[in-house]
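Those protein sequences? They're chains B and Z, same order as listed.
As numbered in this note's numbering, residues 1 to 361 make up the first sequence, in order.
As numbered in this note's numbering, residues 1 to 294 make up the second sequence, in order.
Be careful, since some hints might not be right.
Here are the simulated distance ranges between beta carbons [stated by the list, open to error]: (1) B:173 with Z:93: 33 to 39 Å; (2) B:218 with Z:31: 32 to 38 Å; (3) Z:238 with B:304: 38 to 44 Å; (4) B:308 with Z:32: 33 to 39 Å; (5) Z:208 with B:214: 26 to 32 Å; (6) B:118 with Z:73: 51 to 57 Å; (7) B:304 with Z:275: 27 to 33 Å; (8) Z:73 with B:159: 21 to 27 Å.
Just so you know, the hints here were simulated from the structure itself, not pulled from any lab data.
For every residue, glycine included, the Cβ atom is placed at its ideal position computed from N, Cα and C.
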Amino acid sequence: MTNGTNAGRDASDAHGVGDGAGGSPGDPIASTEASAPAAAAPAKVPNARKATGASPGAPAAAARGIRRGPGRGGWTPWLYLAPALVVLGGLLVYPIYQLGLISFLEYTQAQVSGGEPTTFQGLGNYRTLFADSQFWQVLLATLVFAAACVVTTLAVGCGLAVLLTRVRALPRLALMLAALGAWATPAITGSTVWVFLFDPDYGPVNRLLGLGDFSWTYGRYSAFALVLLEVVWCSFPFVMVTVYAGIKAIPSEVLEAASLDGASQWRIWRSVTAPMLRPILVVVTIQSIIWDFKVFTQIYVMTNGGGIAGQNLVLNVYAYQKAFASSQYSLGSAIGVVMLLILLAVTLVYLRLLRRQGEEL
Amino acid sequence: MSATAATPGRRAVSLPRIHRIHRPWRLAAEASALVIAVVVAFPLYWMVLSAFKPEGEIQSTEAHPWTLSPSLDSFRRVFEQQEFGRYFLNSLFVAGVVVIASALIAFLAATAVTRFRFTYRTTLLIMFLVAQMVPIEALTIPLFFLMRDFGQLNTLGSLILPHIAFSLPFAIWMLRGFVKAVPEALEEAAYIDGASRTRFLWQILFPLVFPGLVATSVFSFISTWNDFLFAKSFIISDTSQSTLPMALLVFFKPDENDWGGIMAASTVMTVPVLVFFVLVQRRLVSGLGGAVKD
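Generate the whole structure from the sequences, applying the supplied hints.
Spelled out as structure tokens, the structure:
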């Protein structure tokens, strides 16, 4: 969830936090529906209304309302859903459509101000983008940086979750509170504080490590490393708390039975704990991937807009700079579409994993 | 389901028997837990400390982890800066509206998808799941034009509306578990007693789901409070509509950053979230446990 995070870490942003995968009675995910694009939502609504509203018995049953199990309810569920669908349709689905549209147009300052007509470019913007070596460099940097963040966050988060189960209440409380503090810190203040900690002149870290006036934000890799530290700092708490909750949720009788049967610690971990934790690990991994792939504020603030000569750009910041700094809105949109597609692919993998686990919606 | 979810420190009694570790190892584990806690908390400590340090100590190359003469100068500079208090209220207003609106809308939607069976229910759920993954940053460009076309640029509405939309999918997913946990027998009993659907929804279901709403709100609050990108992109000229992150950037200067000011502004921005977090901490952890369990 947020480091969502974030607390997000922009729970969302912030710290976008994990989606709940709480299972209970419901329809199993149909494979065709799993791949349905989000844009199909509004188109389906009117049909659905017709479908549910048309059956003559439904409204009467809804009025009576007494039935076992969730009722069909006629129009009622759509009434309840209406505000959500209006908001999501207008501010999520429509902008996605617009994003795709702009990426096929010529759209720069001239078109925005209405000075020149917009022209359809077909795949022209994508051709420009893919011919630009900087794009590939930024894409690679984004993938490597996100992967490094995810792996480090998961390792730290899971390691500390296990540590939490091995200590008494007081150290556990101390670590939990510290982690909640890091989690609650807004991305922008976290970024400023970490830059200050590593400041070549006034930061304590260089003094402590005897680095003199070494500037962390000057070099490409040291700057990425610094951002990585901040990202891990604010996103490991979500992993730690979630995995810890997962470990505690394993019934102690199961572990007890295993140890009575003479299983070694390692065997218990491998055959009991790990399989029971897998759903949670999937959630935190996917959530971390999505969150770390979208890092914006940290890079923007800590490397001052993408580093010297754009050496620390990631896709997000790159798209922003293209669109808002150099007014190439169509190129920025094309980058946005690339990001959207990558995250959609991650989402589909996630849905497959959920299905394989027999998770029901 | 969510009510029984693990809360730190609650079920510790039964575990030591399984995870029996020898005393020196346990002490080593506890010592490292404490050290890590200190390391994790250190940036926050340094932020607050630097906010209270007098100018001279911040500018000193000898960075001491304490100060003997705390001063409020940095805070004074922050609040004297053009309309910082206003930015704070703007941030609070935006986050407040988003939290309340998205909680109410998500509550209705979560009720619809958990307590009714209708065509396209599963499709909708999948769509909410997919919507969570949409990178909001990528939508900045079309949203910018949308806000421009509706004359919403430079207004707080341009920050509120997108954040409601982005908080909703996760909120609906998370609330589902809480709504589902309310027994159906209760619903039947209410109807038998003559309650209308609306009455059941607001007078019975809503209070029962309220703890879940609190947990959900944490996330919408934080993502909105943290927002930097939209504030930077949509509030282009009217600074009176700005929010806290923008106020913070004022202290970054090309030649010499005002670190005291930055740390004081950061402290002012972080403390409300911390307070909120600590207040709902228990709910949050059990909410998470409930959401990801089984």
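**Message:** If you test the structure against every hint from before, which numbers come out violated?
**Reply:** 3, 5, 8
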